[in-house]
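Trainee: Whenever a hint applies, use it, and build me the whole structure from the sequences.
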Amino acid sequence: MSSSLEKTGEGPAALIANVRSLLAHDLKNPLSAAWTVTELMRELDDGTDPLVSRNIEIVQSAASRAISWIEDVALTIELETGQRTVERKATTVQRVVASALEGPFRAEDVARLTLPPPEPMAVEADPYLLSRGLHALITNGLLHGGKRGTVEVEAHRDGDGLVFQVLDQGDGVPEERRERLFLPLSSERRAQDRIGGIGLAVTRACVEVHGGSVGYEPRDSGGSLFWLRIPDPERE
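If you're matching positions, the sequence shown starts at 4 in the working numbering and goes up one per residue.
Since the hints were derived computationally from the structure, they do not count as laboratory data. In this text, a Cβ means the ideal position worked out from N, Cα and C, and glycines have one as well. Where hints are given, some of them may not hold.
Said to hold, decoys possible - Restraint-style ranges between C-beta atoms, simulated for each label pair: (1) Pro-221 to Thr-84: 30 to 36 Å; (2) Asp-235 to Glu-179: 31 to 37 Å; (3) Val-89 to Ser-64: 28 to 34 Å; (4) Asp-52 to Val-113: 22 to 28 Å; (5) Lys-150 to Glu-178: 22 to 28 Å; (6) Gln-97 to Glu-42: 22 to 28 Å; (7) Met-124 to Glu-179: 35 to 41 Å.
Mentor: This is the structure in structure tokens:
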């Protein structure tokens with residue numbers, strides 16, 4: 004492997020760049036186009052044929068998951084290889100939430116969300132990384148939180164840091180699987196661990212690069228509470 008890299012003049016950095024380009028252009032762009040077409044089909048669908056409506060929904064949902072997966076893998080590569088570092092800026096919870104909701108969310112999914120109040124709450128963090136981490140938690144909540152259940156997004160100050168919480172009304176996570184929730188797709192994860200995966204792994208990566216932490220708690224009323232905490236930057 005190393006000798007072939009030397010012959011082609013492509014080292015690990017070049018291979019990483021090629022993989023990122025493949026993910027961003029060769030895979031994501033066609034899927035984004037497919038999602039856009041299905042959105043137009045949904046708008047034109049008069050609902051007279053339930054099978055057609057259901058098939059459109061299935062294709063759009065699959066495209067949405069694939070796009071999120073591609074974005075998460077590309078970002079994980081950048082974080083793990085040090086090609087993406089934290090760029091802290093002054094922003095607000097509302098801007099982070101708005102950014103986290105950008106992308107291929109269906110209108111009915113957004114309607115299931117309960118969001119933080121509009122009062123501005125300041126945070127100093129990398130806006131893109133924080134929104135990507137929150138995006139993955141929201142996506143996970145919508146996917147595993149019950150088809151019609153509400154997904155709540157909350158934010159509050161906690162001492163010298165900011166905490167986001169995403170609460171759903173799903174089945175929760177079995178105790179024996181909780182320690183593997185935020186692991187990437189590796190040999191340590193089992194095939195049946197459908198909850199988690201690359202999405203929660205990228206949340207962990209986005210938060211830990213800030214010096215923060217992530218976690219899971221079962222809800223007394225049923226469902227899951229996922230949280231991430233970003234500490235305030237140290238002042239000299």
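Trainee: Now, for every hint given, state plainly whether the structure supports it.
Mentor: Hints versus structure:
1. Pro-221 to Thr-84: 30 to 36 Å: holds (35 Å)
2. Asp-235 to Glu-179: 31 to 37 Å: holds (35 Å)
3. Val-89 to Ser-64: 28 to 34 Å: holds (33 Å)
4. Asp-52 to Val-113: 22 to 28 Å: holds (25 Å)
5. Lys-150 to Glu-178: 22 to 28 Å: Given range 22 to 28 Å: holds, Cβ gap about 24 Å.
6. Gln-97 to Glu-42: 22 to 28 Å: Holds, at about 25 Å.
7. Met-124 to Glu-179: 35 to 41 Å: holds (36 Å)
When each numbered hint is compared with the structure, no violation occurs for any of them.
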